[in-house]
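Trainee: Residue 308 in my numbering sits at position 308 of the sequence shown, and the numbers go up by one each step.
Honestly, I wouldn't trust all of these hints.
As the list claims (entries may be wrong) - Dumping the calculated BS3-like pairs for lysine-lysine here, alpha-carbon to alpha-carbon at most 25 Å:
1. K273 - K573
2. K413 - K388
3. K573 - K243
4. K300 - K273
To be verified - Label-pair ranges, simulated between beta-carbon atoms:
5. T305 - A178: 40 to 48 Å
6. A233 - P256: 31 to 39 Å
7. K641 - Q492: 38 to 46 Å
8. T305 - P480: 31 to 39 Å
9. D396 - W92: 28 to 36 Å
It is worth saying that the hints were derived from the structure and are not from the lab.
From the three backbone atoms N, C-alpha and C, an ideal C-beta is built for every residue, glycine too.
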Amino acid sequence: MPMNMPKTPPLPPPRDNPADTAATTEDPYLWLEEVQGERALAWVRERNAESEARLRADPGFDALRTRLREVLDSPAQIPYVSRLGPWLYNLWRDAANPRGVWRRTSLEQYRQAEPAWETVLDLDALGRAEGKSWVWGGATPLGPEYRRCLLSLSIGGADASVVREFDLVDKRFVEPAASAASAGGFHLPEAKSRVEWIDIDTLYVGTDFGPGSLTDSGYPRLVKRWRRGQPLAEAVTVFAAEKTDISAWVSVDLTPGFERTTFGRQIDFYRSKTWLLEPATAGAPGLKPSLKPSLKPIDKPDDATLAFWREHVLIELRSDWAVAGRTPPPTHTTHRAGSLLLADADAFLAGERRFTVLFAPTATRSLAGWTTTRRTVIVNVMDNVASKLEEWRWRDGGQRSRDGKISRGAWVKRDVQAPYPGTLSVSALHDPLLEKGAAGAGGDPLAEHYLLSAADFLEPDSLQLGRTGSDERERLKARPRFFDAEGMRAEQRFATSRDGTRVPYFVVWPQGATANGDNPTLLYGYGGFEVAMQPSYSGTLGRAWTTRGGVYVLANIRGGGEFGPAWHQAALKAQRQKSYDDFIAVAEDLIAQRITRPARLGIQGGSNGGLLVGAVMLQRPELFGAVVCQVPLLDMRRYHKLLAGASWMAEYGDPDDAAEWAFIRAYSPYHNVPPAKAGASAAAANLLPPVLIDTSTRDDRVHPGHARKFAAHLAERGHRPLYWENLEGGHGGAADNAQRSLMMALEYTFLWQTLMGEGMREGKREGASR
1 MPMNMPKTPP LPPPRDNPAD TAATTEDPYL WLEEVQGERA LAWVRERNAE SEARLRADPG
61 FDALRTRLRE VLDSPAQIPY VSRLGPWLYN LWRDAANPRG VWRRTSLEQY RQAEPAWETV
121 LDLDALGRAE GKSWVWGGAT PLGPEYRRCL LSLSIGGADA SVVREFDLVD KRFVEPAASA
181 ASAGGFHLPE AKSRVEWIDI DTLYVGTDFG PGSLTDSGYP RLVKRWRRGQ PLAEAVTVFA
241 AEKTDISAWV SVDLTPGFER TTFGRQIDFY RSKTWLLEPA TAGAPGLKPS LKPSLKPIDK
301 PDDATLAFWR EHVLIELRSD WAVAGRTPPP THTTHRAGSL LLADADAFLA GERRFTVLFA
361 PTATRSLAGW TTTRRTVIVN VMDNVASKLE EWRWRDGGQR SRDGKISRGA WVKRDVQAPY
421 PGTLSVSALH DPLLEKGAAG AGGDPLAEHY LLSAADFLEP DSLQLGRTGS DERERLKARP
481 RFFDAEGMRA EQRFATSRDG TRVPYFVVWP QGATANGDNP TLLYGYGGFE VAMQPSYSGT
541 LGRAWTTRGG VYVLANIRGG GEFGPAWHQA ALKAQRQKSY DDFIAVAEDL IAQRITRPAR
601 LGIQGGSNGG LLVGAVMLQR PELFGAVVCQ VPLLDMRRYH KLLAGASWMA EYGDPDDAAE
661 WAFIRAYSPY HNVPPAKAGA SAAAANLLPP VLIDTSTRDD RVHPGHARKF AAHLAERGHR
721 PLYWENLEGG HGGAADNAQR SLMMALEYTF LWQTLMGEGM REGKREGASR
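Construct the complete structure from the given sequences, taking the supplied hints into account.
Mentor: Here you go:
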């Protein structure tokens with residue numbers, strides 16, 4: 001239904017000085033950027049009431065929400081774990097524990113169908129006791145004893161969190177000191193903080209220390225050394241980033257015999273500079289309070305990711321890197337973007353550039369990730385968006401060559417036999433801090449073990465315990481089949497984009513569906529930040545969509561990471577339109593192949609994906625029958641001034657630069673809404689596809705003002721958006737399963753009503769069967 005919004009003049013075209021377009025007089029909805037403003041929240045409540053009045057009145061709404069909540073709260077979900085010393089920890093949410101119970105068990109117990117869990121912290125009980133809407137944000141433990149950790153707890157699911165010290169033995173918080181004369185627990189107020197242990201009484205901390213301590217992106221600019229019992233205001237600055245950087249960071253590796261501390265400036269989303277703490281000053285806790293550590297810059301490409309692993313260093317490249325080796329015979333090599341390189345750490349720091357290439361990309365193969373055990377690098381490879389695993393391990397030499405030299409050994413690859421095709425995720429169980437004494441003379445008993453998760457669209461996730469060097473794995477857990485997939489099938493297809501690029505996409509067919517040109521179809525995409533969209537099992541999607549006759553499509557468009565850095569970089573900044581062209585090409589192919597037709601085609605995307613669906617619904621409105629736009633970026637003139645937006649300028653460009661604003665302006669949804677023609681028929685009125693926009697008040701990453709202002713502007717232009725805003729939830733949209741099931745039920749009900757019920761554009765019920 002239309003919103004009762006005051007009529008205002010259309011937004012002006014861009015000027016020669018783009019900064020002028022941000023003037024309050026030219027954006028009548030700036031007041032909606034006041035997150036907690038009384039007028040803005042009143043507007044939100046009105047929009048929520050309108051949307052819920054329509055969608056929750058659907059006869060099947062409550063039953064759908066219940067079925068979705070059953071999936072989210074199911075006791076048969078896999079309790080994924082992380083290891084801290086002898087314990088496996090899990091955060092468990094269900095109907096009785098909506099915010100979660102942090103609990104632990106042993107590996108032997110975890111092998112059982114019903115493990116015996118020990119509760120460490122009950123977040124719901126904590127919230128009730130303290131009168132706070134606490135949401136889990138993570139734990140930073142101090143090993144190898146693992147008695148103390150730093151817990152991050154956010155209010156309502158925001159990125160900003162409170163940091164509190166916790167005792168894992170006593171299972172209680174270590175309260176801050178009551179006075180300056182005593183030393184209590186570490187505690188940081190709500191902020192986007194980063195913390196690292198140096199020792200039991202000393203931390204590195206980056207947080208909001210006051211004016212000048214944050215970057216333009218709202219993240220810590222300073223790293224300080226903070227001692228127990230010391231007022232935070234007296235912590236000593238040891239490292240600083242630039243105000244225009246995204247953030248400053250520090251990483252402490254306490255692996256016995258390989259202790260290293262690195263500091264870094266995250267220049268933008270893809271570039272960073274890194275320094276190594278010199279060994280002479282590595283004993284930072286013993287330094288005089290006024291003495292700063294000595295830092296050595298590490299020579300690497302700014303857009304490369306570097307990680308130390310025992311005596312080695314691993315480097316992942318985002319651009320080509322030409323290197324010359326120092327050790328005879330001289331070598332000159334160019335390593336391709338997307339490669340994973342390994343070298344001896346000491347030799348690398350001394351300037352030698354001789355690498356073992358663990359992975360090099362091809363036209364179809366890209367690096368999905370990697371993890372390390374004590375002796376092995378496990379590489380996760382995507383081949384045409386399907387996962388494969390490879391193990392690399394050093395094999396000692398000892399054989400004499402023809403010239404009489406003894407070979408020193410080499411890194412050897414082994415292909416791992418694992419479920420294929422589908423999506424694999426690997427997590428090493430090795431704890432390097434246990435190498436000295438904590439697990440006996442033999443070191444860590446799980447040094448070569450890992451957890452392997454495997455999933456596909458129609459096959460539920462399974463969790464297996466593996467060991468490097470072997471393809472025999474123990475099946476630990478499996479998700480239940482939340483929907484009947486009998487007769488369903490999934491396939492990969494390719495569309496051709498405007499510039500001739502082949503764009504893959506997956507189609508999940510419901511039982512009995514054929515290419516009759518009339519299937520209700522949901523097309524999902526993201527296309528940004530080098531994030532790959534891979535097949536996954538979704539019980540909620542199955543229950544709400546495919547079992548009801550809906551076709552599901554997942555697009556692998558440029559801007560993502562499905563084919564490595566080149567696939568991502570093809571849609572950066574001025575090339576952003578290629579991402580949208582790819583998505584449009586998939587939609588056109590779905591129609592050409594008679595999988596669906598425009599009136600039956602819904603599209604969905606969140607965050608950067610919200611920008612995607614917002615852009616294409618304006619560029620090609622005739623292709624789509626419904627749009628679900630979640631926690632989106634939409635005002636690309638002001639995105640860099642809102643919350644963490646400045647950190648994304650490497651992806652989109654700088655709107656304050658006239659040349660860059662020119663190409664951003666061309667797709668910015670907020671600046672491209674056409675007016676509807678009053679009194680005309682739906683087709684002649686130039687109405688956009690029906691759209692549901694949802695976001696969260698507590699989203700402190702993508703400002704809710706994007707969604708609010710776009711909805712208001714659409715309505716002012718004569719269109720008919722639905723808008724819903726969760727008052728909690730952060731960037732994930734929901735803080736618990738009750739909120740998430742409500743949000744999802746609203747979205748799926750909107751899709752079914754719009755695509756198969758009373759179309760908001762056509763104004764009549766369409767009689768096609770589901």
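Trainee: Could you work out which earlier hints the structure fails to respect and list their numbers in ascending sequence?
Mentor: Result: hint 9 breaks, nothing else.
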